[in-house]
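Colleague: Protein chains in written order, with this note's numbering: chain A, 1 to 441; chain B, 1 to 441.
Keep in mind that the hints are not guaranteed to be accurate.
Selected chain A positions facing chain B (Cβ under 7 Å, derived; list incomplete) [to be verified]:
1) 25
2) 26
3) 36
4) 143
5) 147
6) 150
7) 272
8) 275
9) 294
10) 296
11) 298
12) 301
13) 310
14) 314
15) 338
No wet-lab data here; the hints were simulated from the structure.
None of these values were measured; they are calculated from a predicted model.
By construction, the Cβ of each residue, glycine as well, lies at the ideal position given by its N, Cα and C atoms.
Number of protein chains: 2
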Amino acid sequence: MTDALKIGVAGLGTVGSALFRIIGERHNMLTEICGRPVTIVAVSARDRSRDRGIDISKVEWFDDPVAMARDADIDVLVELIGGEGDPALAAAKVALARGVHVVTANKALLARHGVELARTAEDAGVLLNFEAAVAGGIPVIKALRESLTGNAISRVYGILNGTCNYILTRMQKDNMGFAECLKEAQRLGYAEADPTFDIEGNDTAHKLAILTSLAFGTEIAGDDIYLEGITNISIEDIHAAEELGYRIKLLGVAQRTASGIEQRVHPTMVPLDSMIAQVDGVTNAVSIEADIVGELVLSGPGAGGDATASAVLGDIADIAKARPGHQHGPALGRPAAHLAPYQRARMRSHEGGYFISLKVEDRTGVFASIAKQMADAKISLESIVQRAPLRKDTDPTVKTIVLVTHATTEASVRAAVEAVRGEGYLRGEPQVIRIERTQAA
Amino acid sequence: MTDALKIGVAGLGTVGSALFRIIGERHNMLTEICGRPVTIVAVSARDRSRDRGIDISKVEWFDDPVAMARDADIDVLVELIGGEGDPALAAAKVALARGVHVVTANKALLARHGVELARTAEDAGVLLNFEAAVAGGIPVIKALRESLTGNAISRVYGILNGTCNYILTRMQKDNMGFAECLKEAQRLGYAEADPTFDIEGNDTAHKLAILTSLAFGTEIAGDDIYLEGITNISIEDIHAAEELGYRIKLLGVAQRTASGIEQRVHPTMVPLDSMIAQVDGVTNAVSIEADIVGELVLSGPGAGGDATASAVLGDIADIAKARPGHQHGPALGRPAAHLAPYQRARMRSHEGGYFISLKVEDRTGVFASIAKQMADAKISLESIVQRAPLRKDTDPTVKTIVLVTHATTEASVRAAVEAVRGEGYLRGEPQVIRIERTQAA
Numbered sequence: 001m002t003d004a005l006k007i008g009v010a011g012l013g014t015v016g017s018a019l020f021r022i023i024g025e026r027h028n029m030l031t032e033i034c035g036r037p038v039t040i041v042a043v044s045a046r047d048r049s050r051d052r053g054i055d056i057s058k059v060e061w062f063d064d065p066v067a068m069a070r071d072a073d074i075d076v077l078v079e080l081i082g083g084e085g086d087p088a089l090a091a092a093k094v095a096l097a098r099g100v101h102v103v104t105a106n107k108a109l110l111a112r113h114g115v116e117l118a119r120t121a122e123d124a125g126v127l128l129n130f131e132a133a134v135a136g137g138i139p140v141i142k143a144l145r146e147s148l149t150g151n152a153i154s155r156v157y158g159i160l161n162g163t164c165n166y167i168l169t170r171m172q173k174d175n176m177g178f179a180e181c182l183k184e185a186q187r188l189g190y191a192e193a194d195p196t197f198d199i200e201g202n203d204t205a206h207k208l209a210i211l212t213s214l215a216f217g218t219e220i221a222g223d224d225i226y227l228e229g230i231t232n233i234s235i236e237d238i239h240a241a242e243e244l245g246y247r248i249k250l251l252g253v254a255q256r257t258a259s260g261i262e263q264r265v266h267p268t269m270v271p272l273d274s275m276i277a278q279v280d281g282v283t284n285a286v287s288i289e290a291d292i293v294g295e296l297v298l299s300g301p302g303a304g305g306d307a308t309a310s311a312v313l314g315d316i317a318d319i320a321k322a323r324p325g326h327q328h329g330p331a332l333g334r335p336a337a338h339l340a341p342y343q344r345a346r347m348r349s350h351e352g353g354y355f356i357s358l359k360v361e362d363r364t365g366v367f368a369s370i371a372k373q374m375a376d377a378k379i380s381l382e383s384i385v386q387r388a389p390l391r392k393d394t395d396p397t398v399k400t401i402v403l404v405t406h407a408t409t410e411a412s413v414r415a416a417v418e419a420v421r422g423e424g425y426l427r428g429e430p431q432v433i434r435i436e437r438t439q440a441a
Numbered sequence: 001m002t003d004a005l006k007i008g009v010a011g012l013g014t015v016g017s018a019l020f021r022i023i024g025e026r027h028n029m030l031t032e033i034c035g036r037p038v039t040i041v042a043v044s045a046r047d048r049s050r051d052r053g054i055d056i057s058k059v060e061w062f063d064d065p066v067a068m069a070r071d072a073d074i075d076v077l078v079e080l081i082g083g084e085g086d087p088a089l090a091a092a093k094v095a096l097a098r099g100v101h102v103v104t105a106n107k108a109l110l111a112r113h114g115v116e117l118a119r120t121a122e123d124a125g126v127l128l129n130f131e132a133a134v135a136g137g138i139p140v141i142k143a144l145r146e147s148l149t150g151n152a153i154s155r156v157y158g159i160l161n162g163t164c165n166y167i168l169t170r171m172q173k174d175n176m177g178f179a180e181c182l183k184e185a186q187r188l189g190y191a192e193a194d195p196t197f198d199i200e201g202n203d204t205a206h207k208l209a210i211l212t213s214l215a216f217g218t219e220i221a222g223d224d225i226y227l228e229g230i231t232n233i234s235i236e237d238i239h240a241a242e243e244l245g246y247r248i249k250l251l252g253v254a255q256r257t258a259s260g261i262e263q264r265v266h267p268t269m270v271p272l273d274s275m276i277a278q279v280d281g282v283t284n285a286v287s288i289e290a291d292i293v294g295e296l297v298l299s300g301p302g303a304g305g306d307a308t309a310s311a312v313l314g315d316i317a318d319i320a321k322a323r324p325g326h327q328h329g330p331a332l333g334r335p336a337a338h339l340a341p342y343q344r345a346r347m348r349s350h351e352g353g354y355f356i357s358l359k360v361e362d363r364t365g366v367f368a369s370i371a372k373q374m375a376d377a378k379i380s381l382e383s384i385v386q387r388a389p390l391r392k393d394t395d396p397t398v399k400t401i402v403l404v405t406h407a408t409t410e411a412s413v414r415a416a417v418e419a420v421r422g423e424g425y426l427r428g429e430p431q432v433i434r435i436e437r438t439q440a441a
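Let's have the full structure, built from the sequences with the hints guiding it.
Modeller: Spelled out as structure tokens, the structure:
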């Protein structure tokens, strides 16, 4: 029997506690599969005495995770503290530098310091694994980093935030407004008390930045992402989309274009008959388009203590199965020194279809004027629909006109919408939602 | 720079030729990612002179793949010969025994000899990788073998045969009969001249047997699978399913039950709003239900030269990234000696919902008699629908009655259908299709 793999866990929240419990319960199974025991020998958290439903009395306690990373007799540091700065950053750096493998679920940390940490891991000849950082229990990091080796990837996109997908699903299925669905999500523990980070798309952006780097071999650019949240999506938009054969999802999309890489997070219309449209509730899904294999779609639980712990455990098992001294490929898929600089494509150059919903004065000539503004901006229309007001209390002098465009550019759409605004008949803010072409449709 | 990883490819059909071409074209990319060059140094195929669009003049040629496995100066044997017996089996065994890693896409070989080969690989301390053997380019082997380490799996099911899914999709979308769709599939190269192996479910069964072993830690039992192909599925069945909110797919299902493991391949009704129902054409998909992570669904191209070559390349890259002497976990997820014997659950004990379609004489009392036979067999019905004949030339004295049952057992359904048969009003063979509960529905 080889020596046990000794683990130190920094952070004992939902994920850390679940991991602690599971590693205890599955001791024999893990030993059999990994060929050696996997044992948690040290933990660190803010409050030693808090009841977490686990017995930490037999493992070494550290008040300071950085001290644990530096001093504990461990082979692997599991970083579950969260946050892009210290102590998570310091703990990870200290551990890697002394030759301790690091497993982390911390997307914010990787989005900001991933390249630096990858370089430190490579220099020390240890592993930096982070399956849990993106899309929870879905093995998308492994797919990009290992399975697709040799493929050139053209696009990766997905539903990366369970909170947003839960809200959009409830709105669509139960005909409820955004605010009400958000409250439901909070009540069920799917949304934070301050949900800004989720609903404005920042969480999705962090995860997308990591996927972009793995997909395209570029440096991580977590701050250089076009960002639009779901707070402006109304139940009317969802109904209009449905009628036109689409569903609205918050997607993170990274796409290689002639002028660079598009990284964008925004509400997106996807065809009803695509797999991604069927992804409901807190479930996540990622689509990868690769030149040799074609399109892969992976879906599963994107969050939750157990699902995240499962991904962390998979990362730990990879280390346990490897003989000491082995390094299973660089953290970001290729050596940190070989990562290309991130070149951002301008959002104005984005090409695609658009859904444009305009609340306008109900008078003669408006329809024709809108059609003319679109034509002047060289936008070709797939459909124009005038929708009846949904609610009885809606102003009868205002009607909604919904346009779906063929492929055009963001710049053209912005110009056309501004031109329409100049005509003076708009009665509310225009709604513009990008349509994403999916393979299935 | 570490030494190149030297590859011998046995079999230069569609997959082998694609692999040869891709490894040549992506030389620099592979070297960068793997930290060493990956080079094909030897090949073996039936006919040396055949034009495959690749230049094999600079690599060593072997007429006999077993000789190549035994004598060539290689680190990895890629077995793409196919077939469960020699020379594929002999080549793999000889290679493993002398300490050469083996990568194979050969499901028939693994379904029959997988445990023996895994044991040989373990004894020699080398890898046996076979991502391409199940569901082509979808990284389902890696998910089960690595990502889900520590999870207990309750069910794995999927669309594992592109030929069948193509035919069923065409029938549904284009309202075409089975025979016509099969011809289309043959014309497009999606079906063999003799399609028996695909349409009768044998190919799905081979892949399922491999998934079962990985999911449940049992020995591979490729011959102990309930098998029902798609040749009896009519366009009427597909329409009836659609009306009831279902789609018909050929699924391979492995499920842990109290009395053992169910392994079954049969046409299956899945809810229209499930992800698996959206998997169209030659695309494959696999769902894995695991106790810690929850449900994962992975979809992608299940066949084709490039997609299969991509999976083979991922397996090769895993070996290239590993330092010599490293073994990245046992081939079947746990050591061959620890695999539990396969205990088959009896098909008669299978529990689930059923779709039963009966062509009956159009006379008073038949409806009541059917309802009574179901009640006598303790089958509770979710719906009974009398369907109008679809075609004008249908006999007007015959009507079709469609039943959907709540969860019951296979034994009850068989008994009830036999009892109905005894009543003398059946005008054709009864159609019985199992309904599979999916997480989404």
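Colleague: Taking the hints in turn, state whether each one holds.
Modeller: Outcome of the hint check:
1. Because the beta carbon of residue 25 of chain A sits about 9 Å from the nearest beta carbon in chain B, more than 7 Å, this interface hint is broken.
2. With a cut of 7 Å, the hint placing residue 26 of chain A at the interface with chain B holds, because the nearest CB-to-CB distance is about 5 Å.
3. The restraint placing residue 36 of chain A at the interface with chain B is violated, with a minimum CB-CB distance near 11 Å, outside the 7 Å limit.
4. Among the interface hints, the one on residue 143 of chain A holds; its C-beta lies about 5 Å from the nearest C-beta in chain B, closer than the 7 Å criterion.
5. The interface hint given for residue 147 of chain A holds, since its Cβ lies 4 Å from the closest Cβ of chain B, which is under the 7 Å cut-off.
6. With a least beta-carbon distance of about 5 Å to chain B, the hint placing residue 150 of chain A at the interface is held under the 7 Å criterion.
7. Evaluation of the residue 272 of chain A hint against chain B yields a violated restraint, the C-beta minimum of about 9 Å exceeding 7 Å.
8. The beta carbon of residue 275 of chain A is positioned within 7 Å of a beta carbon in chain B (closest approach about 5 Å), and the interface hint is therefore held.
9. Here the hint on residue 294 of chain A is kept, as its CB sits about 4 Å from the closest CB of chain B, short of 7 Å.
10. Given the 7 Å rule on beta carbons, the hint for residue 296 of chain A holds: about 4 Å separates it from the nearest Cβ of chain B.
11. Below 7 Å, beta-carbon pairs count as interface contacts, and residue 298 of chain A has one with chain B at about 5 Å; its hint therefore holds.
12. Interface hint status for residue 301 of chain A: upheld, as the beta-carbon distance to the closest one in chain B is roughly 4 Å, under 7 Å.
13. Hint status for residue 310 of chain A: holds, given a least beta-carbon distance of 4 Å to chain B, under 7 Å.
14. Using the Cβ-Cβ criterion of 7 Å, the hint placing residue 314 of chain A at the interface with chain B is satisfied: the shortest such distance is roughly 4 Å.
15. At about 6 Å, the closest approach between the beta carbon of residue 338 of chain A and any beta carbon in chain B falls short of 7 Å, and the interface hint on this residue holds.
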